[in-house]
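Residue numbers for the sequence shown follow our numbering, so the first one is 101 and each next one is one higher.
Hints in this document: simulated from the structure, not taken from any laboratory. Do not take every clue at face value.
Using C-beta positions, here's what the derived DEER-type ranges look like [what the hints assert, rightly or not]: (1) I507 x E388: 39 to 45 Å; (2) K378 x M559: 44 to 50 Å; (3) G357 x S245: 14 to 20 Å; (4) M559 x Q395: 31 to 37 Å; (5) A283 x S136: 34 to 40 Å; (6) L343 x G198: 34 to 40 Å; (7) S245 x Q187: 42 to 48 Å; (8) L314 x S167: 34 to 40 Å; (9) Q239 x Q395: 39 to 45 Å; (10) K290 x K378: 24 to 30 Å; (11) P433 x K233: 49 to 55 Å.
Below 27 Å or equal to it, Euclidean Cα-Cα: the simulated DSS-like pairs (lysine-lysine) are [what the hints assert, rightly or not]: (12) K170 x K181; (13) K246 x K290; (14) K542 x K599; (15) K556 x K246; (16) K181 x K141; (17) K599 x K550; (18) K542 x K233; (19) K556 x K412; (20) K378 x K348; (21) K500 x K542; (22) K251 x K290; (23) K599 x K290; (24) K542 x K246; (25) K251 x K599; (26) K251 x K556; (27) K141 x K251; (28) K550 x K251; (29) K251 x K233; (30) K348 x K246; (31) K550 x K500; (32) K251 x K542; (33) K378 x K412; (34) K134 x K181; (35) K542 x K556; (36) K251 x K412; (37) K348 x K290; (38) K141 x K378; (39) K181 x K233; (40) K246 x K599.
A virtual CB, placed ideally from N, CA and C, is assigned to each residue, including glycine.
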Amino acid sequence: MANADQEQKESLTDNLWVNPAVVADTWTSDQEGKFSLVEIKGSSINAGSEFPADKQNLLGVKVCPASPDKCSQGVLPGHFKFCPSCQTSLQEPSALIGGAQSWLSPVSMASPVINSALSGLTCSEQSLQVVSKDEVRFQPDTEMSKPQTGKCHFFVGSFGYQETRLLAVDISAQFFFYFNPEANAWERMKDEDSYILESPLTAEAWGCVVTDPLASDCIYICCENGLVEVRVDLFQRTLRSRLIVEGKPKAAPAVRGDALYLPIEHDGTQKIYRHDLKVPEAEGEWFELPEGGGQLFHCAVQDERKIIWPGKNGQIILSFIGSGISCTVRPWPDNVEPEFEFGVPARYQNQFWQLCFDHHNENYCYLRLGGTSDVQEMRETLNPRMTSGLTHFLDYENFKAGEPWFIQEQHSDNGDVLLPLMEFSANLMEVSASTPSVLGIKLQTPESLKELLSSKTPMPCEVVMMGEPEQSLGRFSAEQPWNSECFVYNNHLWLYHPKVQQISGWELQQ
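All chains should be modelled from the sequences, with the hints used to inform the complete structure.
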């Protein structure tokens with residue numbers, strides 16, 4: 101114990117102690133030897149500040165367990181093993197949050213990209229299993245309140261601190277919210293620099309880049325004024341923002357290697373902007389876009405050689421050839437219109453296929469994205485189908501991984517359809533005998549899939565987890581119930597819908 105005390109005292113210089121742990125925090129001790137936190141990550145802190153459990157866990161600080169009449173110490177640096185005043189052994193703080201350390205939705209592109217082939221798809225490599233119940237579920241296992249704002253996307257990460265937290269962003273106004281696990285409530289985060297403005301992108305096309313949800317605090321978003329870097333401070337519940345490049349973004353950014361790529365209108369011309377994520381202070385690089393790049397585009401997909409942003413009138417193709425880059429804007433063939441409401445592009449044999457409607461032949465078809473030949477490759481299909489990107493759903497009973505234009509093998513008489521929200525345990529094997537692990541919305545409809553997706557009428561639905569075994573997780577009623585988002589946080593799978601007051605949660609097996 102004496103050695104530990106001596107080690108702590110030797111760390112003190114002019115009554116200042118700098119914690120060598122993950123979070124850069126600086127402490128001071130007064131004449132009586134009582135420690136106070138004075139600085140976190142370069143920002144000053146009121147030395148008399150109170151630290152509720154939520155903030156204690158973010159910093160990883162410790163609390164002397166001795167009674168106040170025996171010891172006056174409050175919080176202490178997390179690196180300390182013993183109280184410097186009473187020599188009581190210090191315990192590690194009890195975690196408020198358990199489970200996976202991070203979660204990013206498919207539109208929140210991480211850097212570095214773990215698996216670029218899944219970028220832009222509603223797929224996750226994460227495996228999970230909802231705890232089975234003996235009785236039929238009609239309600240979720242638990243609920244949490246939702247942020248009182250517009251439609252949100254969710255992030256889970258520690259963002260440079262010691263414990264995971266849940267964040268939400270309103271994808272229109274781009275307000276950020278912090279979920280306080282101790283108070284069980286959402287708190288609006290303040291933008292200290294006022295560069296965060298409304299999004300120029302539609303809800304269907306919104307996306308962002310998160311450099312590292314564990315070690316980094318940086319998120320890149322598109323605003324009306326251009327590309328904005330957002331620095332997240334979980335402890336202070338604040339944001340620092342910086343305008344990276346001014347202009348009118350035309351799509352969500354994509355990541356390849358250590359660089360971010362963004363279609364943007366700058367100085368009256370359409371360009372691709374390249375931003376170095378390893379050296380964010382460095383000046384970016386520009387690539388001219390041909391005519392046709394001025395429309396809004398959906399989130400990108402990518403393979404080994406290309407990043408592709410599909411849009412209403414065509415596709416941006418960013419090709420990487422050796423150390424060079426080429427940009428093209430390729431319009432859709434005459435009389436061919438993309439059908440984005442059926443989900444993300446389908447991936448098959450290392451290629452991406454966009455579901456379209458051919459008005460000339462009056463049929464649905466799949467068009468290969470990123471093609472370079474004069475004649476664009478298309479495959480006819482009898483019926484449209486929903487997709488996670490890897491598994492394609494004609495209805496509740498007819499689904500298949502692999503070729504998205506598969507022919508229906510059996511007819512479903514009950515009118516049940518499955519609208520996939522997220523495919524878990526995703527892999528790139530295109531032939532599998534097992535049922536995919538897909539969270540989806542199951543409902544009955546006498547209408548065609550196209551008519552169903554355009555309906556604004558509230559409708560009852562069932563939340564199901566397809567897989568082995570298949571599980572029914574509950575029921576709710578809402579307008580367009582497939583307009584939901586799931587996330588994994590604190591050992592639970594959560595489902596959010598902007599028109600449903602509570603966020604539903606189901607316990608996960610450990």
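Violations among the numbered hints
The structure conflicts with hints 3, 5, 27, 29, 30, 33 and 39, although it agrees with all the remaining ones.
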